[in-house]
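Chains as they are written, first to last, in the numbering used here: chain A, 1 to 660; chain B, 1 to 198; chain C, 1 to 155.
I should point out that these hints are in silico values taken from the structure, not numbers from a laboratory. A portion of the hints provided could be inaccurate.
[Said to hold, decoys possible] DSS-like mimics (lysine-lysine), calculated; alpha carbons at most 25 angstroms apart, straight line: (1) K104(B) - K146(B); (2) K65(B) - K146(B); (3) K96(C) - K382(A); (4) K102(C) - K171(B); (5) K382(A) - K146(B); (6) K558(A) - K523(A); (7) K577(A) - K65(B); (8) K382(A) - K102(C); (9) K104(B) - K382(A); (10) K115(A) - K639(A).
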Amino acid sequence: MIPEIGHFALILALAVALVQAIIPGMGLLCRRVDWMAVAKPAALLQFALVLTAYGILTYSFIVHDFSVLYAANTSNSELPLIYRISGVWGAHEGSLLLWVLILSAWTAILAMYSKHYPDDMAAGVISVLGFISIGFLLFSLFTSNPFIRHFPAPIDGGDLNPLLQDPVMAIHPPMLYMGYVGFAVPFAFAIVALVQGRLDTAWARWVRPWALTAWICLTGGITLGSWWAYYELGWGGWWFWDPVENASFMPWLTGTALIHSLAVTEKRHALRNWTILLAIICFSLSLLGTFLVRSGVLTSVHAFASDPTRGVFVLAFLGLVVGISLSLFAFRAWQLRTLTPFSLVSREMALLTNSVLLLVTMLTVLLGTLYPLILEALGGGKISVGPPYFSRVFIPLMIPVVFLVAVGSLIRWREDNISTLIKQLRTPAILAIVFASVLSLLLPGKASFTAWFALLLTFWVINSCFVQLQQRLRNSQSLLQGLRRTPRGWYGMILAHIGLGFTVVGIALSSVYSQEQDVHMVKGDTRTLGEYRFELVDVERITGPNYEADMGTIRIYKNDKELMTLQPEKRIYNVRKNIMTEAAIHSNLLRDLYVSLGEQRNPVTEAWSVRLYYKPFILWIWLGGLFMVLGGLLAVTDKRYRLEVKQEKIKLDVNHVTAS
Amino acid sequence: MSQPVDTQTSSEQQAKPKAKHWVYLLPLGLFAVLMVFFFFGLGLNPRLIPSPLIGQPTPVFSLPKLSNPEEMIQHTDFQGEVSLLNIWATWCTSCRQEHPVLMKIAQSKEVPIYGLYYKDVPALGIDWLQNYGDPYRDNAVDEDGKVGIEWGAYGTPETFLIDQNGIIRYKHVGPISWHDWETTLLPMITSLRNNNGV
Amino acid sequence: MASRFSCLCLLLFFITASPAEIAGFPFESETQEQRFRDLSSELRCLVCQNQSLADSNAGLAQDLRSELYEQVLTGNSNNQIISFMTERYGDFILYKPRFAMKTLLLWLTPILLFSVGIFCLIRFSKFRNQGQQTQVSEEELQRIRALLQAEEEKQ
Numbered sequence: 001m002i003p004e005i006g007h008f009a010l011i012l013a014l015a016v017a018l019v020q021a022i023i024p025g026m027g028l029l030c031r032r033v034d035w036m037a038v039a040k041p042a043a044l045l046q047f048a049l050v051l052t053a054y055g056i057l058t059y060s061f062i063v064h065d066f067s068v069l070y071a072a073n074t075s076n077s078e079l080p081l082i083y084r085i086s087g088v089w090g091a092h093e094g095s096l097l098l099w100v101l102i103l104s105a106w107t108a109i110l111a112m113y114s115k116h117y118p119d120d121m122a123a124g125v126i127s128v129l130g131f132i133s134i135g136f137l138l139f140s141l142f143t144s145n146p147f148i149r150h151f152p153a154p155i156d157g158g159d160l161n162p163l164l165q166d167p168v169m170a171i172h173p174p175m176l177y178m179g180y181v182g183f184a185v186p187f188a189f190a191i192v193a194l195v196q197g198r199l200d201t202a203w204a205r206w207v208r209p210w211a212l213t214a215w216i217c218l219t220g221g222i223t224l225g226s227w228w229a230y231y232e233l234g235w236g237g238w239w240f241w242d243p244v245e246n247a248s249f250m251p252w253l254t255g256t257a258l259i260h261s262l263a264v265t266e267k268r269h270a271l272r273n274w275t276i277l278l279a280i281i282c283f284s285l286s287l288l289g290t291f292l293v294r295s296g297v298l299t300s301v302h303a304f305a306s307d308p309t310r311g312v313f314v315l316a317f318l319g320l321v322v323g324i325s326l327s328l329f330a331f332r333a334w335q336l337r338t339l340t341p342f343s344l345v346s347r348e349m350a351l352l353t354n355s356v357l358l359l360v361t362m363l364t365v366l367l368g369t370l371y372p373l374i375l376e377a378l379g380g381g382k383i384s385v386g387p388p389y390f391s392r393v394f395i396p397l398m399i400p401v402v403f404l405v406a407v408g409s410l411i412r413w414r415e416d417n418i419s420t421l422i423k424q425l426r427t428p429a430i431l432a433i434v435f436a437s438v439l440s441l442l443l444p445g446k447a448s449f450t451a452w453f454a455l456l457l458t459f460w461v462i463n464s465c466f467v468q469l470q471q472r473l474r475n476s477q478s479l480l481q482g483l484r485r486t487p488r489g490w491y492g493m494i495l496a497h498i499g500l501g502f503t504v505v506g507i508a509l510s511s512v513y514s515q516e517q518d519v520h521m522v523k524g525d526t527r528t529l530g531e532y533r534f535e536l537v538d539v540e541r542i543t544g545p546n547y548e549a550d551m552g553t554i555r556i557y558k559n560d561k562e563l564m565t566l567q568p569e570k571r572i573y574n575v576r577k578n579i580m581t582e583a584a585i586h587s588n589l590l591r592d593l594y595v596s597l598g599e600q601r602n603p604v605t606e607a608w609s610v611r612l613y614y615k616p617f618i619l620w621i622w623l624g625g626l627f628m629v630l631g632g633l634l635a636v637t638d639k640r641y642r643l644e645v646k647q648e649k650i651k652l653d654v655n656h657v658t659a660s
Numbered sequence: 001m002s003q004p005v006d007t008q009t010s011s012e013q014q015a016k017p018k019a020k021h022w023v024y025l026l027p028l029g030l031f032a033v034l035m036v037f038f039f040f041g042l043g044l045n046p047r048l049i050p051s052p053l054i055g056q057p058t059p060v061f062s063l064p065k066l067s068n069p070e071e072m073i074q075h076t077d078f079q080g081e082v083s084l085l086n087i088w089a090t091w092c093t094s095c096r097q098e099h100p101v102l103m104k105i106a107q108s109k110e111v112p113i114y115g116l117y118y119k120d121v122p123a124l125g126i127d128w129l130q131n132y133g134d135p136y137r138d139n140a141v142d143e144d145g146k147v148g149i150e151w152g153a154y155g156t157p158e159t160f161l162i163d164q165n166g167i168i169r170y171k172h173v174g175p176i177s178w179h180d181w182e183t184t185l186l187p188m189i190t191s192l193r194n195n196n197g198v
Numbered sequence: 001m002a003s004r005f006s007c008l009c010l011l012l013f014f015i016t017a018s019p020a021e022i023a024g025f026p027f028e029s030e031t032q033e034q035r036f037r038d039l040s041s042e043l044r045c046l047v048c049q050n051q052s053l054a055d056s057n058a059g060l061a062q063d064l065r066s067e068l069y070e071q072v073l074t075g076n077s078n079n080q081i082i083s084f085m086t087e088r089y090g091d092f093i094l095y096k097p098r099f100a101m102k103t104l105l106l107w108l109t110p111i112l113l114f115s116v117g118i119f120c121l122i123r124f125s126k127f128r129n130q131g132q133q134t135q136v137s138e139e140e141l142q143r144i145r146a147l148l149q150a151e152e153e154k155q
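Work the whole structure out from these sequences, hints included.
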């Protein structure tokens with residue numbers, strides 16, 4: 001009975017979504033305030049209904065109601081409570097419901113804040129989000145209903161994929177979805193601006209926090225996913241250019257371009273079309289990701305069990321949403337052209353250049369991801385495009401981006417004098433060269449140009465941040481006052497840029513200076529990696545809550561002094577019989593020691609296959625991600641977003657004109 | 001640009017608003033192309049890897065027979081008649097699923113089936129054939145999987161169709177169903193026989 | 001900065017010159033080891049489909065690794081090894097697609113996109129500079145007048 005209530009709630013949510021999409025939308029077009037007023041209650045009601053459905057699905061997981069087919073397939077009576085809750089999004093049907101839930105939650109939050117926006121804008125945005133919600137609810141109800149029951153109920157469930165039985169994996173998908181779905185809000189704002197043919201600086205100010213929030217979630221999600229892959233998959237890799245990773249990275253690249261382009265649109269009323277296009281592309285890529293993951297057109301470690309009907313459905317939906325919005329863009333966007341002047345040497349130009357480069361990078365990643373598919377569709381045979389391709393094209397495209405990060409945040413709006421700019425950047429540049437050279441000489445092993453160059457870029461970015469700080473403080477009486485007066489958004493930007501630098505350094509140094517051994521060891525064997533000596537002390541059989549494992553004990557010595565003991569595991573989960581590697585890692589800011597246990601190679605001698613890694617500075621990759629997230633959080637909580645927007649609108653535009 | 005150009009500035013400013021409109025259509029156009037590829041992409045099977053061996057002579061090898069390790073089985077044995085080569089092992093669950101179909105094919109006496117017993121212990125294979133029946137004319141034992149690599153094996157079971165000149169004509173990955181046999185393999189075998197391998 | 005500096009000094013003593021062991025295979029020289037490492041990370045494991053030979057623990061990947069190891073030790077060139085693999089498994093096994101007619105667009109498009117992007121930026125900025133003095137401020141003013149008017153009407 002209870003699952004049927006969930007199913008019913010989902011059907012009702014679809015009905016409410018129809019109302020939410022159509023009536024305020026018509027109200028916007030026919031200028032009927034009473035129709036627009038439907039938007040807010042409809043959005044809240046839809047959220048309540050989807051939440052009910054989601055709650056009920058979670059309930060059937062918690063109480064082991066295996067008559068619900070989805071729960072029977074993805075849960076198990078041995079599964080710990082936390083993974084029963086996170087298991088709800090452990091497979092296709094539930095993760096889709098989570099997607100719908102997050103979409104309706106964003107819509108509800110927007111509806112709560114709707115007094116900050118003009119009525120027509122709020123109604124329009126909620127209506128567009130309603131249309132998206134209709135698509136996903138239909139998708140859920142007709143192709144992937146999580147409430148389907150089958151009787152008699154199986155005695156036990158098929159268990160959650162062991163790869164997902166991990167605390168990070170429990171939060172990675174919702175975070176990523178919050179990012180994907182979050183970009184629906186800027187998208188909706190963009191569509192309304194196109195429909196109305198009107199876009200002012202206030203528009204950019206409304207959209208910025210939403211875009212930023214989505215970007216924060218996406219950054220966090222990607223960082224967590226990468227970290228998880230690193231410690232869970234057992235071979236020390238952290239990014240594989242897998243189609244599904246690319247599907248999350250492409251919206252991130254575009255989203256990064258979007259938040260910067262929005263800054264220009266808000267501050268200088270320029271690049272309006274560009275911002276709109278980026279907002280559309282960003283959400284389109286989120287939808288594209290859904291298509292790639294759930295249709296099975298590309299092979300991926302992440303792919304959900306593919307089903308042709310689902311593929312056709314998502315493709316049709318993708319075509320409809322993106323097709324309509326790009327058509328709108330094609331026919332309406334030129335009306336929003338701006339002629340705000342700025343020179344070649346200006347912050348506008350620097351930010352525009354970077355967003356163009358980010359878009360070029362995104363298109364390159366898209367090309368690499370889809371090329372095998374395209375070639376095969378054209379009858380050109382089957383090829384693979386993998387990490388060697390992506391790193392060859394991605395890195396050269398990123399170098400100018402990182403270089404311009406420092407320039408873009410220092411240069412003046414509108415027009416700057418090139419010689420003053422060079423003068424400002426001379427000191428950070430020289431210092432960057434000095435720091436990078438000294439550090440790369442201190443680094444062990446062969447001198448590496450890659451390492452030096454990465455250090456150079458990072459110090460270039462960090463040093464320029466100091467120059468900016470110095471400039472900010474120049475006009476204030478005291479240091480403390482100057483620091484206090486600086487808006488949070490500025491600190492956020494600095495933090496995020498420094499984070500980018502950290503990531504660059506982490507990637508470069510860990511890939512240049514990593515050492516590894518993939519060996520067969522018997523008890524008592526030792527192997528040396530750099531100045532560390534690894535000894536396999538023992539391998540024993542242990543029993544976990546829902547798995548059996550071989551646990552190795554590896555002692556690590558440095559200069560013959562015992563440093564630590566790591567215990568990697570090789571688990572076999574009881575239900576699915578999946579073999580999982582649980583690597584044991586000791587991390588600090590300078591290096592990771594990473595040990596993972598493979599299979600037993602020789603039953604007679606009891607030789608085990610063991611992978612030993614020494615990875616310097618690898619933690620900085622995710623530390624950088626963390627800094628970006630923190631920076632984003634600082635920026636999004638900047639108090640200027642909390643100001644009443646309506647009264648600000650006119651004043652800003654007047655200022656703007658007097659300035660030009 | 002129909003008028004003669006007066007000054008660069010004015011001509012550009014006049015031309016701009018009109019000339020640039022098509023630019024706004026670009027994203028839509030690109031997206032449309034992408035959609036076409038996605039549509040065709042839905043019909044493709046990403047797990048299927050075409051074999052470069054099609055149209056090539058069988059790889060050179062010589063392996064002991066499963067029934068009698070003293071005797072050898074070689075690539076030249078495939079010459080003279082159309083035959084199938086099935087790569088299998090006892091650890092492979094889909095092979096178990098495929099086995100009855102192979103039995104039925106063997107009973108139809110349309111084509112001899114050779115087996116490549118892949119990365120498995122000979123004794124287990126002998127037991128298997130005794131228990132479930134033996135559809136094979138002969139089995140070559142490839143214990144270390146080296147010959148499997150020569151054949152480009154990546155997922156058992158795999159089945160190759162070899163013509164009377166010892167040229168590989170077709171590869172089927174995964175278990176053969178009776179439907180596959182009737183609609184694909186049998187017609188190919190008949191036509192190869194009729195056309196003498198050409 | 002100082003603590004990082006001193007820690008980096010410690011790192012100085014890290015690299016050993018002797019070639020390491022990979023996948024249980026001992027190597028005679030560092031070049032061989034490096035070649036094995038490079039090749040095994042550029043070849044795709046066909047069973048698991050999204051792992052390289054270096055990363056995969058699948059049976060086939062192990063067999064292909066030992067094949068690779070033997071060929072590296074025999075002294076076969078990278079090209080020989082790669083054609084050995086593609087003759088048996090097709091181009092699908094290469095993670096780094098060959099530069100050929102059918103991959104021309106794959107390798108050239110990034111350069112093309114980059115150039116188009118930069119070209120457009122330069123064109124765009126020229127246009128900006130021309131419009132700067134007269135036309136723009138006029139249009140802006142009109143726009144803001146309309147806006148102000150609209151706002152007045154609202155109130």
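Now for the hints, and whether the structure bears them out:
1. K104(B) - K146(B): The hint is violated at about 30 angstroms.
2. K65(B) - K146(B): 16 angstroms, holds
3. K96(C) - K382(A): Satisfied, since the Cα-Cα distance of roughly 13 angstroms is no more than 25 angstroms.
4. K102(C) - K171(B): Given pair K102(C), K171(B) holds - Cα atoms ~24 angstroms apart, limit 25 angstroms.
5. K382(A) - K146(B): 24 angstroms, holds
6. K558(A) - K523(A): 19 angstroms, holds
7. K577(A) - K65(B): Judged against 25 angstroms, a Cα distance of about 34 angstroms means the pair is violated.
8. K382(A) - K102(C): 11 angstroms, holds
9. K104(B) - K382(A): Not satisfied, since the Cα-Cα distance of roughly 33 angstroms exceeds 25 angstroms.
10. K115(A) - K639(A): 17 angstroms, holds
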